[in-house]
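A.B. asks: Protein sequence lines correspond, in order, to chains A and B. Quick note: the first sequence uses the working numbering, first residue 1, plus one each step. Quick note: the second sequence uses the working numbering, first residue 1, plus one each step.
Note that these hints are calculated values from the structure, not bench results. Virtual Cβ for every residue (Gly too), placed ideally from N, Cα, C. Hints may be right or wrong, so weigh each one.
[Unchecked claim] Just a few of them, taken from the derived set where beta-carbon distance is under 10 Å, the chain A residues facing chain B:
#1 R110
#2 Q111
#3 T112
#4 E166
#5 Q174
#6 T198
#7 P202
#8 E203
#9 A207
#10 V218
#11 H219
#12 A240
Protein chains: 2
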Amino acid sequence: MKPTWIAVDWGTSNARFWAIGADGSVLGERTSDKGMGQLAPSEFETVLRDLAGNWLSSASRVVACGMVGSRQGWVEAPYQTTPCAVCPSTMVIAPTTGSGLTVHIIPGIRQTDPADVMRGEETQIAGFLAQNPGWDGVVCLPGTHTKWVHISANEVISFQTFMTGEIFALLAGQSVLRHSIAGSGWDGDAFADAMSQTLARPESLAARLFSLRAAQLVHKTDTVTLRARLSGLLIGAELAAAKPYWLGQKVALIGADAVSAPYITGLASLGVDAARVDAKDMTLAGIKAAHALLETVV
Amino acid sequence: MKPTWIAVDWGTSNARFWAIGADGSVLGERTSDKGMGQLAPSEFETVLRDLAGNWLSSASRVVACGMVGSRQGWVEAPYQTTPCAVCPSTMVIAPTTGSGLTVHIIPGIRQTDPADVMRGEETQIAGFLAQNPGWDGVVCLPGTHTKWVHISANEVISFQTFMTGEIFALLAGQSVLRHSIAGSGWDGDAFADAMSQTLARPESLAARLFSLRAAQLVHKTDTVTLRARLSGLLIGAELAAAKPYWLGQKVALIGADAVSAPYITGLASLGVDAARVDAKDMTLAGIKAAHALLETVV
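Okay, chain A solo, but in the shape it has when bound:
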């Protein structure tokens, strides 16, 4: 079987391409480290043609999501504004110089008050809803910038982004704490204890961070324990702020296993049983949903 179209997840750092057959099956998968962050608008087409290669002999349509549609990307795909359908009815077509190639870009979603934006996550949510028709509740997408998204009747009602993942990386890797935080490893009790501290008293986050460094100097506390404690402090503070999103709600997590685990543990301790699905799977399912809509419209 030959591919009839190509699905693309083009983020800041990486790109992933799938060749899709007429029956929707995945015929091939390729990745590139040529993310949006290092490409000028005019360079995207070349990267796509290089990577898609032989697929283009039978596939002429591309559907892409992610930062490829940002102002710094291939072409800006203007945000939809909440409340809005998870799956967009229109996509933007990227400019191409060669013939026989139409590239559709899925728009991100923005919220006016409080100001917030997403680009890429909306496609994962669309994939999740395609696999769970009629699902209402809250989707949490843990990552560098974790998003909590309230979904009702196939619409994004509201959402909130937390920089928890990026702040963890900055503190553990580049602040004075870097001397005291192990690069890997886990201590479940230390995580739970720290999380309950900032969940109950969110103001203690500011006071507790330097204590991680001091604990190592004064008490020789193990750096793996301190790693879990830092994660617990930050996720506890996030859960305290995100309470309207999880309290009494049905919650689904879309994320990789490692980044989701502390959220699942934390939510479980709050009596919230969050089901997890894989982010990569949902991305592809979401691009397929957008493609199907395109077929309908055309």
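Model the placement of chain B on the given structure of chain A, informed by the hints.
C.D. replies: Positioned in the frame of chain A, the structure of chain B alone reads:
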């Protein structure tokens, strides 16, 4: 007049040397960028002899404070443990190879629970108390790692370190917010508004950070406004956590003008009138106080 001793403030990044006369007057001041962070223990003596130079023909005693006394410094000056006298009765003598030079190092202070440490700030506090005998209250030392210190009867009773300055620098310079935060400039209203948000609802800090980026994307908010807003969010969260240190207390700030200004504004809005003194002046006064104690003991 010739110098009789040398005062040294030797930090991680820089060193500052003062030549002191028999009457306590400053006869000269020299600085070096050879901070503790780039020196092996055996290299401190050479740097000191090079920089002090001709001063050493009449001065043989050196009194130093700061990271020079850390485990990675010239010689480890073990911490005093709270509660403890602000001015230490004993100092550690650094090993020297040449003759005619005795280097005394002022120890830092540690706290067991919650774990905390200071090295350098204790000298600034000693200088402040030397100039304000019998002063009781709370000293705030704003900086990369801001410290709040409860002082009573010339003793450090307890203290708490906040990473506010370092976190501001990381977020403004290295996170996704770097695109949205101006390198300088100020907006007093934006600062006050953001500070009052996190002061009243500390959990909102986690939710508000990414909003700074989103505000620029969605509302084209000015990056100077966003700089002041970031500062306000972080200092509001610190003041919420440090409430036991300032509520109903007499507060003195030891710090440079720029780094102290937002704290003075923030505290004033809470009805706390904090007097400011200069950090460099207090450092020298504190080293002089330690030197005087040495004279008494000898």
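A.B. asks: Hints first: check each against the structure and report whether it holds.
C.D. replies: Here is what the structure says about each hint:
1. R110: Holds: closest Cβ of chain B sits about 5 Å from R110 of chain A, inside 10 Å.
2. Q111: holds (8 Å)
3. T112: holds (6 Å)
4. E166: The hint holds - E166 of chain A has a Cβ within 10 Å of chain B, the shortest such distance being about 5 Å.
5. Q174: holds (6 Å)
6. T198: holds (8 Å)
7. P202: Where the cut-off is 10 Å and the nearest Cβ of chain B is about 4 Å from P202 of chain A, the hint holds.
8. E203: holds (4 Å)
9. A207: Check passed: Cβ of A207 of chain A comes within 4 Å of chain B, closer than 10 Å.
10. V218: This interface hint holds because 4 Å falls under the 10 Å limit.
11. H219: holds (6 Å)
12. A240: holds (4 Å)
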